[in-house]
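Chain by chain, the residues:
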Amino acid sequence: MMGRPMYGVGLLQGLRVTLRNMTRRSVTAHYPDVQPDLPPRSRGVIALQEENCTSCMLCARECPSWCIIIDSHKETIPATTEGGRDRSLNVLDRFDIDYSICMYCSICIEVCPFDALHWSPEFAYAEGDIVDLTHDMNRLREWMWTVPAPQALDPGAEVPKEIAAYEAAQSSPEIPGMAE
Amino acid sequence: MNVTEAVFLLFAIVAVVSALLAMTSHQLVHSALWLVVTLGSVAGCFVVMTAEFVAWVQVLVYVGSVVVLVIFALMMTRQPAAGPSAEVTGNRWAAGALGIVAAVGLGATVTAGFRGERIKGQRIGTARSIGDALFHDWVLGFEILSVVLLAALIGAIVISRSGSEH
Amino acid sequence: MSDLLDIVLRCVIVVGAFMTLPLLVGQMEHKAMAHMQSRVGPMKAGAFHGWAQLVADGVKFAQKESIIPAAADNAVFRLAPAVALVPYLVAMVAIPLGPFFGQTDLIGQDLDLGLFFVLAAMSVGVLGSLMGGLGSGNKYSYIGGMRVAAQLMSYELPMVLAAASVAMAAGTLSLVGIANAWEPWWLLAQLPGLIVFFTAGLAELQRPPFDAPMADAELVMGPLTEYGGMRFAMFLLSEYAGIVVLAALTSVLFLGGWAGPWSDQVGWIWSLLKIVVVSFLVIWARVAYPRLREDQVNALAWKVLVPLALLQVTLTTFLVVL
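Protein chains in written order, with our numbering: chain A, 1 to 180; chain B, 1001 to 1166; chain C, 2001 to 2322.
Since the hints were derived computationally from the structure, they do not count as laboratory data. Note that beta-carbon positions come from the ideal geometry of N, C-alpha and C, so glycine has one too. Treat the hints with care, as some may be off.
[Said to hold, decoys possible] Simulated crosslink set (SDA-like; lysine to any residue; CA at most 25 Å straight-line):
#, chain 1, residue 1, chain 2, residue 2
1, A, K74, A, P113
2, C, K2031, A, V91
3, C, K2303, C, K2139
4, C, K2044, A, V34
5, A, K74, A, V91
6, C, K2064, C, G2229
7, C, K2303, A, G8
8, C, K2139, B, A1073
9, C, K2139, B, L1074
10, C, K2031, A, R25
11, C, K2303, B, S1160
12, C, K2031, A, T28
[As the list claims (entries may be wrong)] Pairwise CB distance ranges (calculated):
#, chain 1, residue 1, chain 2, residue 2, range
13, B, L1140, C, F2280, 48 to 54 Å
14, B, L1069, C, W2051, 21 to 27 Å
15, C, R2078, A, T23, 41 to 47 Å
16, B, R1115, C, E2065, 55 to 61 Å
17, C, P2290, B, H1026, 38 to 44 Å
18, B, L1069, C, I2007, 50 to 56 Å
[As the list claims (entries may be wrong)] Simulated coverage check for chain B against chain C, where a stretch passes if three residues somewhere in it have a Cβ under 8 Å from a Cβ of chain C:
#, region
19, 1026-1036
20, 1068-1076
Pulled out of the complex, with its shape left as it was, chain A reads as follows (with noise of 0.2 Å):
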């Protein structure tokens, strides 16, 4: 243990301290007149993209706080050519996320096999009644404008499969029943 310092080094000290955060720029955000700075990958809303939705119904058992409502029904496409199988769709009616009582775990967005949820880091949603928090459908929709690009991959990454699958189709000839 070293020796105990003199009698008032400490209120010097502090006072030295204080005198040098004065003189430095305060770190405060000037938030209403000022954007935040937000990190990557931060968590403020969800967005929907609806036509990737097929209502498998992962996120809404997933989420922790049942927080998801999905309603859908079924609809048919007839065949295209002659004794083909009629296509059956999953048309949405209803997508509901009560952001009351979300708790923003990412468990929805990660479960998604078909990348309809997304994260946007728009926070700003603050409503006066606890009724409007739960966004609907359209609403979620037009969150999906406020999603920012995908982080780029470190440089040096391996290229992920997706894309590379999607390069393989552009340049193979077309499979059959794509184009519609």
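Fit chains B and C to the supplied structure of chain A, relying on the hints for placement.
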């Protein structure tokens, strides 16, 4: 009677009335605060009599310290807004009579000694004149007073320490 | 007739200084304390960096409801802010600012016993906090009042002793006389006295680190707990007026008042500058230091400051006699 004497009379009346209120108030805190007014008026009397140094020392020591000490002692020993202030005992008639006798005696002595004096215009109470008087003419009394105060101080320390050891 | 005009003008100037200087110190406190804590302080009131914050505060306090607790002692409760505030206005009358472009010194009234007058006025202001503590009918105020009584009584003595040492060195009790008699080597000779006076003054004003009576983690707000609205604003104004009076006294007694280059013309500017610097020290001490515990407050007064003040008086006696 000129303006000076009128102001002096005013201060004197305020002092006497507030002293009476201090004595008869039902709440000890009010008594202490009326005491402040009394001491302040006495300081005003001193100023009118050109004894400025004594006046400001009166305010500094009496109003600033002694009354604060009195209020402090009050706070330590009493509830703030309790009922009748002092215990009113059967002795109050004897105490009243003694008080009147003392007042008459003191009043007679002071009147006999200072009757006919007028407040003169010259400044007689400056710090320099009091310092001169104190250290030239009254030095013996000053030193004896300091010994008395020292004895009181040592006595207080002894009493407080012996009280805490038991 | 010009005598009367002179008196009226001096009164107006003193009252004007009393109204504006504490607000300036208050605004400096907001901003300096903020930057010392890496934040910016008021920015919205008034377009330029929130300069009108205290004006806005004044308006806010003026329009508040005046609430008196049911258990409070009415007369004492109502009078306490006035008793806390008026003595500082009275003390400002006797504090000189220095030569004003060759004219006589800027001062309300130069008293022969100016130093004693100012010290006596400051000691009367103590009663305001006490009355607030006693008259609120609230146990936190009561405890705060007890702490106020003990603290302010303890620190009267070192303050008066330190001031007395300067008066001895100057040979007069008049503040103008003391400032005129000042010599630069007094900065060293009266240094213990300066430290004692400044520290005791901080404690008299109940400024942090000596704000045990107002410790808001323990006592809500001490004697000021039940006060709100205009009365609270009066107490706050009295605190900042006290800072101005303390800074002015410190600079006149220990820092030479208006001493400096061209002091015949702009001595009053040097005075104001020194007042601002000492006020900044008061604010700096608030930000840098934690609060002293009640027993530490009293121990500091009686075991450190009084002996130091007595030492200073002894030293001054030697220097004056030799």
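Structure-based check of each hint:
no. : hint                            : result
1   : A:K74 <-> A:P113                : 19 Å, holds
2   : C:K2031 <-> A:V91               : 59 Å, violated
3   : C:K2303 <-> C:K2139             : 30 Å, violated
4   : C:K2044 <-> A:V34               : 14 Å, holds
5   : A:K74 <-> A:V91                 : 6 Å, holds
6   : C:K2064 <-> C:G2229             : 5 Å, holds
7   : C:K2303 <-> A:G8                : 16 Å, holds
8   : C:K2139 <-> B:A1073             : 17 Å, holds
9   : C:K2139 <-> B:L1074             : 15 Å, holds
10  : C:K2031 <-> A:R25               : 13 Å, holds
11  : C:K2303 <-> B:S1160             : 17 Å, holds
12  : C:K2031 <-> A:T28               : 13 Å, holds
13  : B:L1140 <-> C:F2280: 48 to 54 Å : 50 Å, holds
14  : B:L1069 <-> C:W2051: 21 to 27 Å : 44 Å, violated
15  : C:R2078 <-> A:T23: 41 to 47 Å   : 45 Å, holds
16  : B:R1115 <-> C:E2065: 55 to 61 Å : 57 Å, holds
17  : C:P2290 <-> B:H1026: 38 to 44 Å : 43 Å, holds
18  : B:L1069 <-> C:I2007: 50 to 56 Å : 37 Å, violated
19  : 1026-1036                       : holds (count 5)
20  : 1068-1076                       : holds (count 6)
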